[in-house]
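Trainee: So the chains spell out like this:
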Amino acid sequence: MITLRNFTRQGINEFSNYINLVRLDSNSPKPDLNKSPYSEEFVPQVEVDEFPTFLTRLEMARYLDSRFRNVDISSENIIAEHGVWTWIAYLWFDILCPPSTNGERIVKENSRYICSQDYTDYYRHYIAAAYVIYTIHGFENSLLFLNCPLNVHNDYVEQLAARQFIISHPNIIKAAHRLYWDRSNNRPKRGAQSRNRLGNLRRFIKFIQQIELTYNVFNMNDTEIFHILPSEFDSWINNETG
Amino acid sequence: MKRRFNYTGRKRILRDRIDITLNKDGNLVRSAVFQLNLREMNLLQDASVYVEAYQRMAESRISRIGIVNEGDVMGTIDLSTCGYDENLKFRIYVVNESGEHGLILAHADRIKPEQDVNRKTILPILFKDIGQQIWKIVYEGDGCEPLLLLNRGIPAIETIAKNDAQFIMFVYPAVLKEVLKHMVFVDGIDSLSDPQTDWHKDWLNLTRYLIGEEPPNGILKIENEISKNGEALKWIDKVVEGFCNSRSEWSIYITQSSVKLEE
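Respectively, the protein sequence lines represent chains A and B. Be aware that the first sequence starts at 1, since it is given in the working numbering, and climbs by one per residue. Be aware that the second sequence starts at 1001, since it is given in the working numbering, and climbs by one per residue.
Certain hints may be false.
[Unchecked claim] Here chain B is said to cover these stretches of chain A; the calculated rule only asks that three of the stretch's residues, wherever they fall, bring their Cβ under 8 Å from a Cβ of chain B: (1) 12-18; (2) 181-194.
[As the list claims (entries may be wrong)] Listed next, the stretches of chain B that the computed footprint assigns to chain A, with coverage defined by at least 3 CB atoms under 8 Å from CB atoms of chain A: (3) 1044-1054; (4) 1058-1069.
[Said to hold, decoys possible] Taking lysine to aspartate or glutamate and the EDC-like style, the derived pairs with C-alpha atoms no more than 20 Å apart in a straight line are: (5) K1024/B x E76/A; (6) K1089/B x E40/A; (7) K174/A x D1109/B; (8) K1181/B x D1129/B; (9) K1128/B x E40/A.
No lab work stands behind these hints: they were computed from the structure. C-beta: ideal position from N, C-alpha, C; glycine also.
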């Protein structure tokens, strides 16, 4: 276990430099940024696993939530701590950007590891976004987004979490979960992301964007949202249990 | 000019009909009090009025604050789970709930609290323990805006920062210079008239106000290369000089210094 730390601006810059070096050489040595002036201990003290073995982002989010809850940190107190999220990505960099069998690493865009202060990029961060989605929507309704490996930013995150007015409304996310999550196979339903299939995920987003101009959709529960969905969604609703 | 078609039939609630007061506890926001003037909008009298607070990816907080009735609606929304008011915005909607689904009759979105609208602070100040430094600039928020940290360990720093002529003539020109250098040499300015970074626009406007002339093209980044020419440095010096010349504290500082010498 290691004590949670908060990156300073200098720490974030050094981590960013390291990420750039790994792009050039996968074996670049990881700098020790667990000291001043790169980072400072987070208060209150939180212990986190240095070498966790999470299989999914959901497991990771649940783990962090429990660590924070143990010391009475609620999501509103930690959500804007960009230095903390970036430090966790630094700590777990080897599982967020693992070397393949030949030792090469595929480094994604920086916003996956460095938590952006800009909320339009915040949802791209592997750790912060998973934690926020989990704490708003709970285990069941986060499955579409987070039941995937730690270094996967899937289309549900990209399409739904990128839209503030959708991701911040649990009723809409619950409706999406009921439409597109295959409970019997514990995976998203086949074809949900297909642009050609009627009632696909993108059509759902389009419909919500259109209907929220006229109807008080945010006060409807998921079943009421189902009632106003056009017939193209019928096959998804009828196949609700997967 | 952009033209928009509105086939929804919903009415727009103009900003001057909305009054918001944030209740804060230090930096933390606790609640917001709304006073809405919906008179003469021809809205259904028993339509419900909802306020929604939203922020980043956080869960929206929606509260029904009353009905239209005679048009004056007042209510409070609890924001204790919000934390900071950074990037906090509001939606307001008036809903006819007599049918099966609530129909939106009137609406306002992306509403910020009063202080953000009427008095825009381009350099917010935070009093914080920063060791033995008197001041420090950090860049944070959505667009990495500058934030001036003043050392709260200095007795009466709030008063000094506002009224002390020596402090004002020593510290603020240096702060101004640092922010301008950051804008030009670290961030890079992409346009003088419509920069992509919001705070650059505000600070460029400040320089226009201080020296009464357009910033030179030489401060622009060219093909993503940060300006390296001397013109930018000269311009920054000129702006700082303009700032100093505009301050009435100069004569107070001179008087105070003379008195000290005589003592």
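Trainee: None of the hints should be skipped; say for each whether it holds.
Mentor: For each hint, the structure was consulted:
no. : hint              : result
1   : 12-18             : violated (count 0)
2   : 181-194           : violated (count 0)
3   : 1044-1054         : holds (count 3)
4   : 1058-1069         : holds (count 4)
5   : K1024/B x E76/A   : 15 Å, holds
6   : K1089/B x E40/A   : 31 Å, violated
7   : K174/A x D1109/B  : 24 Å, violated
8   : K1181/B x D1129/B : 25 Å, violated
9   : K1128/B x E40/A   : 16 Å, holds
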